[in-house]
Amino acid sequence: MTVALDHRPGSHVSDRIISVAALAVGGQGGGVLTNWIVDVAERNGFRAQSTSVAGVAQRTGATIYYVEMCRDRGRQPVFSLSPSQGDVDVLIAAELMEAGRAILRGFVTPNRTTLIASSHRIAAVSEKVVPGDGRASSAEVLDAARKASKDHVIFDMERIAVEAGSVISSSLFGALAGSGVLPFPRESFEATIEASGRGVKASLKAFGQAYDEAARRRADETVGLPQAPVVEGSAPVDAPLPLGGQPESEDADDVHAAAPSPAPRGDGRLLAQWRALEGRVDALPPPVRAMARLGLRKVVDYQDADYGAEYLDRLGAAVAIDDEARTYALSQSAAKYLANALCYDDIIRVADLKTRATRTARVRREIGVRDDDLLKVTEYFHPRIEEFCGTMPAGLGRWVEARPKLAAWLDRRVNRGRHIRTDSMAGFALLWGIGGLRRWRRHLLRHEVETAHLGAWYRLALDTAPQDYDLAIEILACRRLVKGYSDTHARGLSKFDRVLSALPMLQGRSDAADWLRRLREAALKDEKGAMLDGALKTVASFAATPTEAGMPA
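Taking the working numbering, the leading residue of the sequence shown gets 99, the next gets one more, and so forth.
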């Protein structure tokens with residue numbers, strides 16, 4: 099039988115063991131948080147014991163920290179070494195999906211557990227390996243948290259910690275204190291932090307803000323006020339500047355909406371070119387302008403103003419065959435996916451992003467490095483012969499690829515992992531020099547290959563539009579399958595070709611667009627391609643025996 103934690107006068111909480119479990123991964127201060135919980139218990143006349151069960155490194159598994167405590171009655175209690183299902187009073191999760199996993203494991207129960215969790219998200223390995231958008235639904239976890247727990251305290255504790263210059267263990271500790279679930283005064287929690295002796299000021303600031311937020315939410319629940327919604331998503335990324343300064347993106351699959359940024363400044367000739375390009379965007383149909391402006395910013399940042407003009411020239415071909423009656427849906431899709439196709443990932447792009455000041459600032463901010471601290475950064479590269487040839491002048495690269503023995507000999511010398519320290523002058527200068535090759539990018543083999551592929555894909559979409567407008571839009575969206583570089587790019591390109599290989603079987607059908615979308619989504623959901631194989635077999639089976647009604651849903 100489970101017993102809810104109750105601190106009201108006359109309750110027997112002081113006569114029984116209180117159990118607290120915390121789930122955290124490396125860098126989130128789970129061990130520090132556990133030590134603080136033990137310390138605050140002992141400061142208030144309790145005996146406490148802490149244990150931990152280590153998970154696998156990084157996002158494949160969190161470490162479970164477990165604390166049991168009870169009032170010191172002069173005899174040694176018998177404490178458990180790990181949490182049990184249905185027997186946890188307080189569950190602390192340093193990230194939202196860890197809260198979801200704790201619920202699935204039975205550590206959160208409606209008549210007993212107070213769930214304290216940060217609403218921010220860190221993508222798990224299972225979410226990252228999905229070629230498309232593999233993010234699990236935060237809304238489902240939040241709904242489960244409300245149903246599964248006795249009480250819940252959920253808000254963005256990571257943001258509070260970062261703004262205070264601390265780590266999330268401080269704000270989790272503050273939320274624990276502010277929730278009122280433990281019978282200890284605020285002063286004893288703060289005394290514990292002060293006694294730790296490191297980063298005290300920042301930790302107390304994060305603690306205090308989280309305490310106030312948790313206490314406010316508890317007060318609102320007491321008087322029946324609605325809680326502020328927890329918004330799914332992460333903190334905004336600095337908006338890219340038109341002529342430079344775009345931050346490194348975790349998902350290069352999309353042209354993201356950017357917040358308003360300062361007016362561009364710099365060389366007068368470049369500014370004049372940029373304003374001319376903006377004028378061309380303003381002349382586009384109104385439904386197309388927003389996406390075209392974002393695409394233009396991305397393309398110019400990737401290469402230069404002339405590349406932006408090429409982007410608008412290609413976009414103009416879609417606008418010319420589009421019309422207002424269809425709200426220019428084809429042109430909007432072209433504006434998005436053309437920009438992504440023109441900004442392909444190559445060694446030059448990777449080196450450029452890794453040596454930008456915005457990237458260094460983001461790394462320091464995310465790991466909590468102070469301005470006066472030294473940061474050592476090691477970048478990992480593993481180029482193949484394909485990447486090596488791709489950075490050669492087109493003629494020379496084709497000459498090497500046409501000689502398998504020479505290519506194999508070179509591959510044995512370049513195809514190995516490299517660790518480059520960008521905090522050193524030599525390492526940074528190497529990547530900075532590689533990034534500077536973008537001025538010659540149009541003459542390199544990789545650009546020739548990518549341009550040819552882009553041209554064939556874009557012509558296919560535009561040629562399809564007069565016969566099947568919706569199918570043409572889906573062909574443009576298939577560009578989502580091509581991303582990354584090296585092996586990732588090769589796998590995506592293979593899926594792209596396999597999905598479009600179904601076009602001859604689909605063209606002429608009323609449901610062609612719907613089925614091409616299904617094939618693309620199957621390819622995006624499964625890294626190995628098993629789902630795509632099944633979907634292609636289904637299309638082939640119906641194509642072999644066509645029916646008047648079309649393929650069933």
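Simulated from the structure, these hints should not be mistaken for lab results. Even for Gly, the Cβ is constructed at its ideal location relative to N, Cα and C. Be aware that a few hints might be false.
[Claimed, not checked] Cβ pair distances, simulated, as ranges:
{"id": "1", "residue 1": "LEU473", "residue 2": "ALA415", "range": "43 to 49 Å"}
{"id": "2", "residue 1": "GLY364", "residue 2": "ARG203", "range": "50 to 56 Å"}
{"id": "3", "residue 1": "ASP631", "residue 2": "VAL498", "range": "30 to 36 Å"}
So does LEU473 sit 43 to 49 Å from ALA415, Cβ to Cβ? With Cβ atoms ~47 Å apart, the hint holds.
Within 50 to 56 Å or not, the Cβ separation of GLY364 and ARG203? 55 Å, holds
In this structure, is the beta-carbon distance linking ASP631 and VAL498 contained in 30 to 36 Å? 34 Å, holds
Going down the numbered hints, you'll see the structure goes against none, and every one checks out.
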